[in-house]
Every structure is written in structure tokens, then in C-alpha cells.
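**Q** The residues making up each chain are set out below.
4 protein chains.
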Amino acid sequence: MSPSSWRSDRGPFAYLVARGDVAEASSERAWLQAMLDVEAALAASQAEVGEIPAETATAIADACDAERLDVELLHRSIELGGIAVIGLVEQLRALVGGDAAGHVHRGATSQDVMDTAAMTVVARCAALTAAALDDAASMVAALSAQHGDTAMIGRTLGQWALPTTFSAVTGRWRRALAGAATALRQTASRLPVQVGGPVGDGASYGPRADEVTKGVAERLGLAVPDGPWSTERAPVAAIAGAWGRAATAVGDVSTQLLALMSSDVGELAERAEGAGGSSSMAHKHNPVAAIAARAAALQAPGLIATLLHSAASHDFERASGPWHAEWPALNRLLRACGSAADWLVTSLGRVVVDPERMAANLARANAERGGG
Amino acid sequence: MSPSSWRSDRGPFAYLVARGDVAEASSERAWLQAMLDVEAALAASQAEVGEIPAETATAIADACDAERLDVELLHRSIELGGIAVIGLVEQLRALVGGDAAGHVHRGATSQDVMDTAAMTVVARCAALTAAALDDAASMVAALSAQHGDTAMIGRTLGQWALPTTFSAVTGRWRRALAGAATALRQTASRLPVQVGGPVGDGASYGPRADEVTKGVAERLGLAVPDGPWSTERAPVAAIAGAWGRAATAVGDVSTQLLALMSSDVGELAERAEGAGGSSSMAHKHNPVAAIAARAAALQAPGLIATLLHSAASHDFERASGPWHAEWPALNRLLRACGSAADWLVTSLGRVVVDPERMAANLARANAERGGG
Amino acid sequence: MSPSSWRSDRGPFAYLVARGDVAEASSERAWLQAMLDVEAALAASQAEVGEIPAETATAIADACDAERLDVELLHRSIELGGIAVIGLVEQLRALVGGDAAGHVHRGATSQDVMDTAAMTVVARCAALTAAALDDAASMVAALSAQHGDTAMIGRTLGQWALPTTFSAVTGRWRRALAGAATALRQTASRLPVQVGGPVGDGASYGPRADEVTKGVAERLGLAVPDGPWSTERAPVAAIAGAWGRAATAVGDVSTQLLALMSSDVGELAERAEGAGGSSSMAHKHNPVAAIAARAAALQAPGLIATLLHSAASHDFERASGPWHAEWPALNRLLRACGSAADWLVTSLGRVVVDPERMAANLARANAERGGG
Amino acid sequence: MSPSSWRSDRGPFAYLVARGDVAEASSERAWLQAMLDVEAALAASQAEVGEIPAETATAIADACDAERLDVELLHRSIELGGIAVIGLVEQLRALVGGDAAGHVHRGATSQDVMDTAAMTVVARCAALTAAALDDAASMVAALSAQHGDTAMIGRTLGQWALPTTFSAVTGRWRRALAGAATALRQTASRLPVQVGGPVGDGASYGPRADEVTKGVAERLGLAVPDGPWSTERAPVAAIAGAWGRAATAVGDVSTQLLALMSSDVGELAERAEGAGGSSSMAHKHNPVAAIAARAAALQAPGLIATLLHSAASHDFERASGPWHAEWPALNRLLRACGSAADWLVTSLGRVVVDPERMAANLARANAERGGG
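Residue numbers (our numbering), protein chains in the order written: chain A, 1 to 372; chain B, 373 to 744; chain C, 745 to 1116; chain D, 1117 to 1488.
Among the hints, erroneous ones may be present.
To be verified - Covered by chain A, per the in silico footprint, the following chain B stretches (three or more residues, Cβ under 8 Å): (1) 541–549; (2) 680–686.
Claimed, not checked - Chain A side only, calculated, beta carbon under 7 Å to chain C, not exhaustive: (3) L73; (4) H75; (5) Q91; (6) L95; (7) G158; (8) S262; (9) V265.
To be verified - What follows is a list of derived Cβ distance ranges for each label pair: (10) A:Q146 / B:D598: 19 to 27 Å; (11) B:D598 / A:S189: 19 to 27 Å; (12) A:S189 / D:R1473: 31 to 39 Å; (13) A:E55 / D:G1390: 29 to 37 Å; (14) A:D226 / D:R1473: 53 to 61 Å; (15) D:P1169 / A:G349: 40 to 48 Å; (16) A:A131 / D:R1473: 32 to 40 Å; (17) B:G578 / C:Q890: 41 to 49 Å.
Simulated from the structure, these hints should not be mistaken for lab results. Just so it is clear, CB atoms sit at the ideal spot from N, CA and C, and this is done for glycine as well.
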């Protein structure tokens, strides 16, 4: 095979933790396009209040297309500047050309573009992951519609406890998944733009800064904050909270799927053509998708610790290290939770319920309880 | 000194991470009282719907006083059961006595009491920490009222950037602190009771389970969930989110206080009689309270990782390990954030602003900028 | 009961995460005594090289007794200084009195005392936890001696795989536990003293600083570093590594004990008079000690993240926040791992093996495999 | 630009956290080749003890070339199996062909290949990162040789303390970096092979399992363990320990570089053609490489928490989720620490020392101290 195929490597474990639509929505291209969207929205908003000519804003908007970037050049610039915005603005100015070039990135600083682009990427990933969680909730509801009345033994601390029903179990799952989707959407609806300028006080945007801020927010579908938040990272912490909840929902449901799918319990199983084989044991049916969902969800807590530690350590008007440290942790968190939800949907699509085994286990448990 | 004094040890670093009112509100006594409050609320609610006699509920309520517990006996029971509820219910039944004893803990399981008590403790700590954050926000506002117009050099990535004002800095701090207080209160207002019974399906509470649930929630000032959440831990994840935001606010403000208090910047200082001395350097004035606030806030991300990892790993109808693992991490998180807010209030009470130094630094920065 | 009893509160969940001998070895008293031990060792070493009179060193050593401290006074000093060393040295000077008082803490700074005392506390906890891990390994070996040949079904990804033996399982457990004990002891044998003086360059200790350093190390049973490490925290990272391994060993063994103790597997159980009961289900035998061991072990990763995050963020010659942040995380890590090992010993002391259930499960698995 | 260029995306923040030689040594290709190396070493070792024909082992070795894999087919297999080994073995058998194909992966299971390959990848990354750390230590030593005697003010808790020298600072840095390199190499020299077979007891490898194990270890430059460690993850915990130490060293040095490079201190700076510019402030010289080094190092603690949490949660003979969860966290940890070391080398190559500023700051500090 050709060397170029190898360069397409998104990392050896992308199938676990950078999977599905969220991977694309959080790719380098997606981030760069989001930054360009911020520049376009800024120019449009400044045109609206009369600070730059309308045709300049249009010219800027036309140039804000990631396909037109020279990626190699951009990568060299990132090496030197540590951030994509600097080289991106240079290229954008060259693409716009003429006098209009001078109106690109007007009043803005790299943090405005980076933070606002991040909120845009987060909002897009929120929509995708929430949709996957809703799908999962619907699939759980369908399972419940089919088998909900079936009695089964409830287990606490790993021990047979008292009888319950499959619908009690699926009811908890469905509520957790749907609730996590709602939390993602609510958080996404409150993500604020960052319009602070070079030292985070908004002064560089001039007397109509508030109108410009509002214009940028409206164009990007983001919220208007009560002020710049350059080094006070409440929005980042709010993201950590909502995605932590999504990981909790997928983690719990997949953990419980796996417990019910274990051979010794055997009340559920994943069944799919060709999936779940073993390199050494032909008879096995491994619940691969539930395992992957759990493995992806378990990435979240550590990433959230990194994100929060960084978010809580910002110095002066722009942090020297902790800000940069947020970016990979944030992007991996979006991807891990998106992947976890995606794998869970796959697992639920493969689940088969074994009512006879539920009955048999319940009978064993009742016999032991009666005798104990 | 007497041995008994040593037993009062709350850990050698309690002054950093288990300080102020929150330490008391999250003590063993507070947890046990919260559990007893749950039992009393349950009995009252069951009496209201006619499931137990009203005078029985009154007798139970009277007995639900942590002062009446035999703590030594309880500790022995905890060793055997791994959880306080079992021995607590035994003692409560003995205190109530007679036929009424049989109505104690009716339909309930240890997880109902533990989870609901946890939500009660969290709500109380939320109120205290939110009040401290509001105090801090007010103190920041007062500083700003006094010195807000003062110009100072803004610093990004540690480098002198452009002039800004002290009020721009304090504005960001105030918004972050007040916003974190609001987030704590909002989360606290939605904390749900757990009324699931032995296998988390509510069946043990009988046909009027919904009314009983509502009664318990109203009596404890908690929310009615859309169903049991025994092994789907959305409320725990929501707490992690809100307290992570509080830690972020205190972490950022204290980090920036410390940066501005460094000798080389010197634009702020902590000044207080007797505080901030050195064991080897008599001339030093260390910003001890801001350091302690930062140190306490930095405990939160790791605790949140533990909490989320545990919350995302619940198996069957009651988890075998991850549930127990939540408790110390949750309690330490409440304490760390409460301590951090408390130390920040102390620091802000000591802050003095040096407008001359701000002017001098600004002049140096402008000179360098002009010359560069 | 009297209010004073409540003040003895070591936190509501001390039974899970601050249990056994390690809790005492990491108490406030233990830390203060360790700091005094450092002062005594320093004075003795300085006397040995002729820098202070021998009788002064003896007087200092005599005064270095935590029982003689005024703890209330010390607590007030800690509030003001943010660290125990300042007030401790003041009290020690008063206890020594006369000219000798001037030789207390000679050349030293608070960080020397705090860091070296920490290494002493760590070494003591290492010995206790390693002993518990060795005990656990021996108990596993005893179980294996009794039942090792018994055939059982091996399970991979939760699925019945191929037959194995109980001794294969216990062999892995025993090696993991004994290996973790060895790692703790090796790390403990390399813990270095900190002899850096006020700005971490050793200059304050004069021309014979190396000899003094060696003397302090020998007296405290610690290692001689190749230089001060005030803000380069390799020893802290090494501790995180070794205790992380201990937590991994206990976490894995307890997770597997719990899996084998689940009702559906039933090949092992915890059996002990009075232990493992339920507040709602009289027939249950919950594996409480294994659950507690797992819950304690699961505290470690988050604490290690906090410890490493702090250890990796030291500024200048003594960190403003990250150093203080290390202390509670370190102490909790020592306690969590000590508690986890202690609970595992308790669990193993209660374990009963059910060879008939092993045979029955194996037969079921073989039947399914044959038929699959 | 063409769509294919975008597919080469290694993630938008690869320049921060997946940089340098370590990125290549931990790529999908590197992992697959490492797995093939394990298969080749296994066959050679089994030939050596006479279990398979020598020419079969040679044929297998010839086929063990990642360039010959059909990557698309492999990716489809990974989707179904959740792990690369299953499809890899299928392709390898097809490449080998004939009777020899039956000897591929003899006695082995996917975990043997995956765990042993992981140790190989880790060992290669250890060598690269240790080399970078040694380079950094040498560069620090060179800086010290040039400016070591220069006096400067020492700063503790952010406050001017007492004079020290630049060589005292660089001495601590050099020792920390060189020590971390040594720790990586020592850990790498003890990484064990995994030769456990389907249920982790070695039985599938037959009577000469010990010799085969030794042969595999020798061929891969790995250590012989005292037994399988399938679900007892001491080697993973040991890696977390050593890489945590590397992150601590880079984190501390970069934090201190940034403190000394801040405009208000100004004793060091990064100077490089074209690097460190700003999108809004032309006069700025941002210490971009030190910022990136710090940002990369700060990824490690959270990843270590994930790794340890997973490593401590293995169930039965092969974990259902925690094992898979280790892989991305491990690979990201290798990459983050390699990137951090690489960025630190870049930063140190740009460092210029300003002895005049050191003298001026010292004079200011002495003046204040004299006056205080």
C-alpha cells in the first residue's frame, strides 16, 4: 500500500475514541472553518453597526472557506506561533486583499477567535452526541416495549436481591440517556462568544462593542455573555459538567449491559453477523460494542480533570500554558463522549433478550432466598 | 496534652481543605442527621397517605436526633456493614420502640437513605459555599469601586500587552464568582430524592409510591426525580459539574491574585497583622490566604475525576464498589470548594492595591512597547 | 453524647479511606512529630560537624516531642502562616530556651522541614502498607494451597472462555500483591531529604552542607539526593508511581474477588459473623470488605492526578499554591492505599471457596461450548 | 486543496500533544508492526524449542511486515472485533499460506499480542523521550556554563526572598531532566512480555511455555515476567509512574522558564526568527515553545488517572472495558510526554539570558529587603 494511506492515521485507537460524526465535527478542518466563521461573523456585525463597509464584510465572508487555506503554510505558522489564528488571519488577509484586508480581524485577538470557535465546535458536537443519546434512548424504549414485563432477579452489590422487571431497568437507562441529551442541548444553548480584544476588556472593539458582540453571537447561534471571560473559564467548566453527565449515562448503561451479557448471567447478548469473534476461541460471542462504549466513556473523567485543572489556572489576561492545555483535552472529551454514544447505539442495535434465562435465574435466586 | 485532644484530628491539612462552615455541614454528625431526616420525612409522608399511623410518624420524627445515637455502636456496625444506614436503622427502631418500630424505614433500602441524605448534605453545602462566593464577589466589587479606574498594563502569555484598567480585571472576577454561586444554587434546587427500594424500582413503596416520593422531596427541600436513579448517576454528575465551576472561579481568581501579588509585579498584596511570615526570612509578606485558596481549589479536578469515574461504573441495581467510592470523593469535593471560597474571602479581606506600582509598571511597559 | 465526641470526627468516611495503622501514621500528630524529628536530626548533624554545640543538639532533641506542643497555639499560627513549620519552630525555640534556642532550625527553611517530614511520613506508611500487602499475598497463597488444583472456567470479556485453575488466578493475585509491596519498599528506600535552605540552593547551610545533608538522611533513614529538589518534584512523582501500583494491585484483586463472589458466579464468598447484612433483605451476604477495598483503591487515580498536576507546576524557588496542594493529596493517597490493603486483608480473611460451584459452572460452560 | 490532504489530519492539536518522533513511534502503523513483531518472535521462539518447523518461523517472519497489510480490510475487522489482533492474524495467516499458516499465533490470544506489542511501543517511545530529556539537560548545562555564576534574586511563594545564582536554578533543572530520562530507561528495561494464552495461565503454550516466553522476551528486548499479568496490571502502573515523573520534570522546568520569561521578571526570553508573534500586538515576543511544553506536560496527570483507573479495574481473566480503555490513554500519555520534551528542547534552544535584568531585579529586591 502507498505511504499516503498511512498518513491518514487518526491514531491507532480512533475507532474507540474518535469515531462517528463527532470525529469529523472536531477535525482540524472543522476547527479552522469555525475560526473562519468567527471572522466572517465579526466582519458582518461590524458592517451592521457601520464600522466597516458592507461590501468588505461580504468579501471577508467569501474568503472564509477552509478549502482555500494553504494548510502546509498554516502548519508552519502554527509551529512558530503555537496557535492557528495568527497564520489563519494572515492568509485570510491575503485572500481578501486590497483595502478590505485591513478590516479583517478588526479589534480582535487570537483568544477571541479561538474561544468563540471552540464554542462553535462544541455546539456542533453537542447536537450530534445528543442525537445519538436520543437514538439510544429510543432503542432502549423499543427493547422495553418488547420485553418490559419480563420478571428478572434484581442484583445489589452483585448479590441476588429481590425480583424486579426488565422495564424497571430499561426505564432507568432511558431516563439517563434522554436526560443527558437534554443537558448537552441546554449547555450548548448557553455557550457564549468571546469578544474581549487583546487584553480581555473589550476596549479594542470601540463604543459599539456590545452591539458587535450581540451580532457575532446571533450569527453563530451562540449566547451573549455578561462580559469577556478570557481568564475566568466558567463556560469551559460548564462543558465539563454536561459532557461528564453524558459519559456517566453511557458508562452506567454499558456497564450494566455488560453485567447482564456476562455468560454467568446471560440475560442479554450482543448478536451480529461477524462481530464479537475471538482470535483463539471460535465459540465466543464477545459484546464488543458495549465494551467499546464503556472504554470510550471511561476516557472522560481524566480528560475532565485535565480540562478543569487547566481552566482553573489562568493567569493575568491570557494564560501562559493552561489555555493551550485546554484545547486537546476539550477536543478529546467531545470525541470520547461522541464515540461512546455511537458505540452504545451499535450495541443496543445488537442486543437480544433471553427471557428464558431471566426466568431461570429468577428461579435459582428465589430458591436460594427461600432456603437461606 | 491529653490523648483526647489528638483524637480531634480532622487530618493534618484540614485547615486547607476542610475549613469553615462547610466542614461542619459535611461532618459525620451532619451526614447521620441527614440520614435521620430522610427517615423522618419518609415516615411523615407515609403517614400523610395513610400507610402508617400519624402518631407513629411523630414518634419516629422525635427519635431522629443524631445526639441520641450510640456512636461507638454505630461505628462497630459500619465495620460490619460497610455503610452507616444498617446500624442507624437498628438504633432508630430501638429508640422508637413498640409497634411503631416496625414502621421505621418502611419500604426503604440503604441506598434510598444514603443517596437522599447525600443530596441534603450537598444542598446545605451549596448554600454555604454560594454565600461565600457571593461575599467574595461583593468584596471584589468594593475593591473595584475604590480603584477601578486605575490604569494598569494588561499581560497576555505573561508578556506586557496593552493598557487596561483594574475594573476590567475585577469585573471578570466578580462575574465569575457570582456566576459560580448561581450555578451552585441552581444545581442545589434540582437535587432529587432517591425513592427506589431494595432493587431500585420503587415497588416496595406500594401503590402510593409517587405521593410518598413527593412528600419526602417537599419535606427535605429536594426535587422529585422522574424515577429512581440508583445506578444511573446523573445527579452526581450534575454536582461534579457545578462544583467544578466553583473551583474554576476560585482557582482563576486566586491564580490572578497571586500573579499580581508577586514581588516583581507588586500591584496587589495581602496585608494582615501577623499573617504571611516566614520561618527563615523576616522581611517577607507571603500571600498565604490566596495560596491556600488556590491549593484548595486545585483539589477539585482530581476529586471530580474520581467521582465521575465511580458514577459512570455502576453495575446491576446497586454498584459493588463504585457507589461506596463516590462518598469520600463527594464529601471532599464539597469541603475543598467550601474551603477554597472561604480562603478567598480571607484573601480579599487582606488585599491592598498599589496604584503607584500599577502606574510604574505601565510606564515601563509603555516605554518598552514604544521602543520595541 | 457530649459535643467533644463529635469533634473526634475524622470525616464520615474515614472507615473507608483513612483506616488502620496508616491513618495514625499520617495523622496531624504524626506529621508534627516528623517535623520535629527533622529539626532534631538537623541539630545533631550540625553538632557532628562542629557547627553547634553537642549539648545544644541534645537539648533540641529533648524538646522535639509532639506531646509538648501547644496545639491550639499551633493551629492559630497555621491560620496565619498557612503551614505548620513557622509556629512549630517558634514553640520549639521557646521549649529549648536560652542561647540554644538560636541554633534551632539553623540554615533551614520551612520547605526543608515540610518536604523531609513528608518523606518520613511516606516511609512509615510504605512499611505499613507493604506489610498489609504481604499479608494479603500470604493469605492468597494459603487459599491456593487449599484449593489451587480446583478447575474452574476462565472468563474473558465476561464470557466463558476455556477451563483454568484456581491456582492460576491466585498466582496472578499473589504476584501482584507481593510485587506492589516490593515496589513500595524500594521507593521508600530512595526517598530523599530536602536540605536546600531559603532559596533551595543549600547556601544557608554553609561549607559543610553536604555533610549535614548526609547526617540528616542517615538519622531519618532517608536517602541523600544529588541536590535540592525544592521545585523539581521527582520524589513526589516517584511516590505517585509506587502508590499507583499498590492501588492497581488491590483494585484488580478486589474487582476479581467481587466478580467471583457475585451470586451468578458464586465461586467465592465472604462469610463472617454479623458482617454483610442488608437494611432491607435479611437473606443477603454482601461482600462488604471486598467492596470497601475496591472503593478505597479507586480513590487513588484521582488523587494521583492532583498530586502530579501540582508537582508539575512549581514556580520559582518555592511554589505559590501547587506545593501546598500536594500535601492533602499526598496524605489522602497514603491513607487510601493503606485502607485498601487493610480492607483486602479483611476480605481475604473471610473468603470461602465453593469448589462445587466451580465444578457446576465449568460443566455449564463446557456444555455451552460443546454445543456452540 | 484535495480532500485527501484533510484525511491526513492527526487531530487539530497534534502539534501540541502528538509531535516529534514519538508521534511516529506510536502511530497506527507502529502499533501494527509491533503486533507483527510479536507474532514473528513467538514463531521463532517456538521453532527454537522445536514446536514448529524453523522454515515456518522464517516464513512467518517474512510475512510480518505492516506494509503488506490491507489496512481497509483491517479497519473493517476492527469494527467487528473491537481489537486489531483478530483481523491481523487472519491476514497474516493468508500471507503465510499453506500448512505454515496453521502455526501462526500458536497458543496465543489477542491479549498476549496486544499487551506485548504495547510494551514494545512503550520501550521505543521511552528511548526517544529519554533522548529528548537528555538533550534538554545538556542544553541547560550549556546555559549554566555560560551564565551560571550570575547572581539573581530567589523567589519563594512569588516573593523576593534571598539572592541565589542562575547555576542553582539550572542545577535543579538539569538533575530533574536527567533523572527523568534515567527513570524512563529503567522502566523500559523491565517491561515484561505477556505470554498467558486464552485464559491467562500459560497452559496453551504447552510444557515449554517458559522457554518460549524467554525467547519472545529476548527477541523483543523485553523482560521475562514472573508469570502472566493479564488482569493484574503492574506493568501499566509502572509506566504511569515513570511517565508521570517525566511530565513532572518538563512541567516544572517549563513553568519556571515561563515565570522567568514574564515581562515583569524578564531575566530570560525566547528569541527565534518569526516565532512568538501575536495576531493583534506586533511588539510581543511570546515564549511559545515553553508554553507548548507546559501545555503538553499538563495533559499527563489526567491521562494517568484514566490509565490507573482502568488498570485497577480488571475483571476475571480479561477485562470487559477497562483493558480497552487503557490503550488510548497509554498512547496519548506516551505522545504527550514526548511532545512536552520535544517542545522543551525547542524552548531551550531559543533561550537568551539577560544578566543585566538579573542584576537590576536583584538590586530592587535588596533595596526592598533592606528597607523592610
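**Q** A separate judgement is required for each hint: does it hold in the structure or not?
**A** Against the structure, the hints:
1. 541–549: holds (count 6)
2. 680–686: Holds, because 6 residues of the stretch 680–686 of chain B bring their Cβ atoms closer than 8 Å to Cβ atoms of chain A.
3. L73: 34 Å, violated
4. H75: Nearest chain C Cβ about 28 Å off; hint violated.
5. Q91: 35 Å, violated
6. L95: 41 Å, violated
7. G158: 4 Å, holds
8. S262: 4 Å, holds
9. V265: Given a least distance of 5 Å, the restraint on V265 (chain A) holds.
10. A:Q146 / B:D598: 19 to 27 Å: 22 Å, holds
11. B:D598 / A:S189: 19 to 27 Å: 21 Å, holds
12. A:S189 / D:R1473: 31 to 39 Å: 49 Å, violated
13. A:E55 / D:G1390: 29 to 37 Å: 33 Å, holds
14. A:D226 / D:R1473: 53 to 61 Å: Hint violated: Cβ distance 40 Å, outside 53 to 61 Å.
15. D:P1169 / A:G349: 40 to 48 Å: 45 Å, holds
16. A:A131 / D:R1473: 32 to 40 Å: 56 Å, violated
17. B:G578 / C:Q890: 41 to 49 Å: 48 Å, holds
In summary, the structure is inconsistent with hints 3, 4, 5, 6, 12, 14 and 16 from the numbered list given earlier, while agreeing with the others.
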